[in-house]
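*Asks:* Chains as they are written, first to last, in my numbering: chain A, 1 to 300; chain B, 1 to 179.
Since the hints were made in silico from the structure, they are not lab data.
Everything numeric in this text was worked out from a predicted model, so none of it was measured.
Built from N, CA and C at the ideal position, the CB exists for glycine as well.
A few of these clues could be false.
Said to hold, decoys possible - Cβ pair distances, simulated, as ranges:
(1) VAL68/B to LEU80/A: 55 to 63 Å
(2) TYR84/A to GLY116/B: 30 to 38 Å
(3) ASN254/A to VAL68/B: 40 to 48 Å
(4) PRO79/A to ASN118/B: 33 to 41 Å
(5) GLU14/B to ALA213/A: 33 to 41 Å
(6) LEU80/A to ASN118/B: 33 to 41 Å
(7) ASN118/B to PRO283/A: 16 to 24 Å
(8) TYR117/A to ASN118/B: 28 to 36 Å
(9) LEU261/A to ASN63/B: 24 to 32 Å
(10) ASN118/B to LEU253/A: 28 to 36 Å
(11) ASN112/B to THR24/A: 37 to 45 Å
(12) ASN63/B to LEU34/A: 22 to 30 Å
(13) PRO74/B to THR36/A: 34 to 42 Å
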Amino acid sequence: MPDFTLLPDQTVLLIQIAAALFVTAFLSFIYVALTTIMSILKLQKVAGKDTDNLLVCDVAYFHCRGKRDNQEDAVYISPLEDYYSNGVVAACSDGMGGLLYGEVVSKYVVEKLHEMYPMSFDDQEGIASTIKGLSAEVYEQYHLGAGATLVMTHIKKNMMNFYSVGDSNIILIRKGRATLLNHKQNYVSLLIRKLAEGGMDTSEAYRNSRAKALIDFVGNIETNVIHTSKPMQLYEDDIIVVSTDGLTDAISLNKMKNMLLPEYNAQHLARLMKSGVKNKRLPKQDNFSAVIIKMDRSLI
Amino acid sequence: MIEYFTFKHRGESESFRDEVYLTLVPHVTVAVFYGSVMRTQTKVSPEMFSGLLAEVSSDADFNRMCSVLDDKLPGNAEYLVLRIEGNSIACFRHGGVMAKIVINGDLKMLPNGIFGLNDGDKILVATENFYSSLTDEGILADALVSDTCAEWMNLMVRRISDTNQLKCGNLSAVTLLVR
Numbered sequence: 001m002p003d004f005t006l007l008p009d010q011t012v013l014l015i016q017i018a019a020a021l022f023v024t025a026f027l028s029f030i031y032v033a034l035t036t037i038m039s040i041l042k043l044q045k046v047a048g049k050d051t052d053n054l055l056v057c058d059v060a061y062f063h064c065r066g067k068r069d070n071q072e073d074a075v076y077i078s079p080l081e082d083y084y085s086n087g088v089v090a091a092c093s094d095g096m097g098g099l100l101y102g103e104v105v106s107k108y109v110v111e112k113l114h115e116m117y118p119m120s121f122d123d124q125e126g127i128a129s130t131i132k133g134l135s136a137e138v139y140e141q142y143h144l145g146a147g148a149t150l151v152m153t154h155i156k157k158n159m160m161n162f163y164s165v166g167d168s169n170i171i172l173i174r175k176g177r178a179t180l181l182n183h184k185q186n187y188v189s190l191l192i193r194k195l196a197e198g199g200m201d202t203s204e205a206y207r208n209s210r211a212k213a214l215i216d217f218v219g220n221i222e223t224n225v226i227h228t229s230k231p232m233q234l235y236e237d238d239i240i241v242v243s244t245d246g247l248t249d250a251i252s253l254n255k256m257k258n259m260l261l262p263e264y265n266a267q268h269l270a271r272l273m274k275s276g277v278k279n280k281r282l283p284k285q286d287n288f289s290a291v292i293i294k295m296d297r298s299l300i
Numbered sequence: 001m002i003e004y005f006t007f008k009h010r011g012e013s014e015s016f017r018d019e020v021y022l023t024l025v026p027h028v029t030v031a032v033f034y035g036s037v038m039r040t041q042t043k044v045s046p047e048m049f050s051g052l053l054a055e056v057s058s059d060a061d062f063n064r065m066c067s068v069l070d071d072k073l074p075g076n077a078e079y080l081v082l083r084i085e086g087n088s089i090a091c092f093r094h095g096g097v098m099a100k101i102v103i104n105g106d107l108k109m110l111p112n113g114i115f116g117l118n119d120g121d122k123i124l125v126a127t128e129n130f131y132s133s134l135t136d137e138g139i140l141a142d143a144l145v146s147d148t149c150a151e152w153m154n155l156m157v158r159r160i161s162d163t164n165q166l167k168c169g170n171l172s173a174v175t176l177l178v179r
């Protein structure tokens, strides 16, 4: 046993205080370490389930005019503070060039989405039907004289529904692969089906002068809304890009997958893409807009 | 009820050397034979494969049926056989033909064995060549937006077409939907 008799009383008191602090700190360390281990175990258990409540959306966007005189793109992001109750809705609408009032229609579309929010996550048919109704309203107003595309994702926890009309993009980047989730509703898809059914190759379809012509859009009568009937599962580090074609005309999916790495946050990813398009300096750069959503794991 | 849609495409090859076999009675049996794959140099013709399956597919015991196939076909023959009975599915895979199932918003590969099936489950059986131009995310997205097997197949064919204009050799696939 240490002999403190030769030490002054004040020093002995200080040593006792130090010893007490050390014991407190040691016990606190043990408590924190055990709590952390328990949290990690819980996290792993939750991550193995279909419903992963700990995935959150990191969201950023850009909205640029390019070389056009007008901004015909419109973007919508639902209030992020409602994420846990209603999920996050992200949408882009691209007013159709060549038609008058494209700008008006795309803005009208996102205003209507804002009015529709909050949307029921599991009512995919209802939401698709509302979008169809929206298209009918535009048709009644302009009789094919104006139109817009629409791409929209609705993410809640680790699940995603998506909706699409026209030729804008919903891209999923996962494990270094970039996949366009929605098909473009253009004339080439009809030609491909016809040629494939006849057992032929489809190169002729892509050479058709009307290949890229839209066969469906918001403002068409009886619009077909592409939509998920059941949601798609998302994972940590998935990156979802909801964009107009001004972005993909400048940056291919192949380049995008190399550019958008999961170690960056959504804001940085948005900045990278925006500068990527600008650096291309395309003389006829279309309006380009996108919402970038990165799935992150929250420890809280 | 099982809804199905088959897709067979010769591509730029001289002939179609794969085989898609389908029977509905006494149980739903689906088989895809990957005869076009170059590396196997298999001596089995598509017709021989179909003939053999027609002989054995009525066997009530799936495992016994698969053993017979395994014995009678050369070791390098590549094929997959599925049997759907009630609310279960049995899978036997040999080589580069795979079955993938859409389940809980995700796409999983169906391993050899017997598994439960639910209403709304969607299954794709296809050769490696069919899968080679697709990503799992694309297959899944197409399944989730499709109401019918034909629609699902058409969307996947569009994806393959976008990468190679269907100039890619034999393509063989079957989509199945449990209703």
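*Asks:* Next, verify each hint and record whether it holds.
*Replies:* Hints, verified against the model:
1. Checked against the given bound of 55 to 63 Å, the beta carbons of VAL68/B and LEU80/A, roughly 60 Å apart, stay inside it.
2. Checked against the given bound of 30 to 38 Å, the beta carbons of TYR84/A and GLY116/B, roughly 33 Å apart, stay inside it.
3. At about 46 Å, the beta-carbon gap between ASN254/A and VAL68/B stays in the expected band of 40 to 48 Å.
4. For the hinted restraint 33 to 41 Å between PRO79/A and ASN118/B, the CB-CB distance of approximately 36 Å keeps it satisfied.
5. For the pair GLU14/B and ALA213/A, the supplied restraint of 33 to 41 Å holds, since their beta-carbon distance comes to about 35 Å.
6. Separation of LEU80/A from ASN118/B is about 35 Å and conforms to the stated range, judged on CB atoms against 33 to 41 Å.
7. Hint check: ASN118/B to PRO283/A, Cβ distance near 54 Å, so the stated range 16 to 24 Å is violated.
8. Checked against the given bound of 28 to 36 Å, the beta carbons of TYR117/A and ASN118/B, roughly 32 Å apart, stay inside it.
9. In this structure, LEU261/A and ASN63/B break the distance hint of 24 to 32 Å, their C-beta atoms being roughly 47 Å apart.
10. Hint check: ASN118/B to LEU253/A, Cβ distance near 33 Å, so the stated range 28 to 36 Å holds.
11. Between ASN112/B and THR24/A, the C-beta spacing of about 59 Å breaks the proposed range 37 to 45 Å.
12. The hinted window of 22 to 30 Å between ASN63/B and LEU34/A is violated, with their beta carbons roughly 49 Å apart.
13. Against the hinted window of 34 to 42 Å, the Cβ-Cβ separation of PRO74/B and THR36/A comes to about 57 Å, which falls outside the hint.
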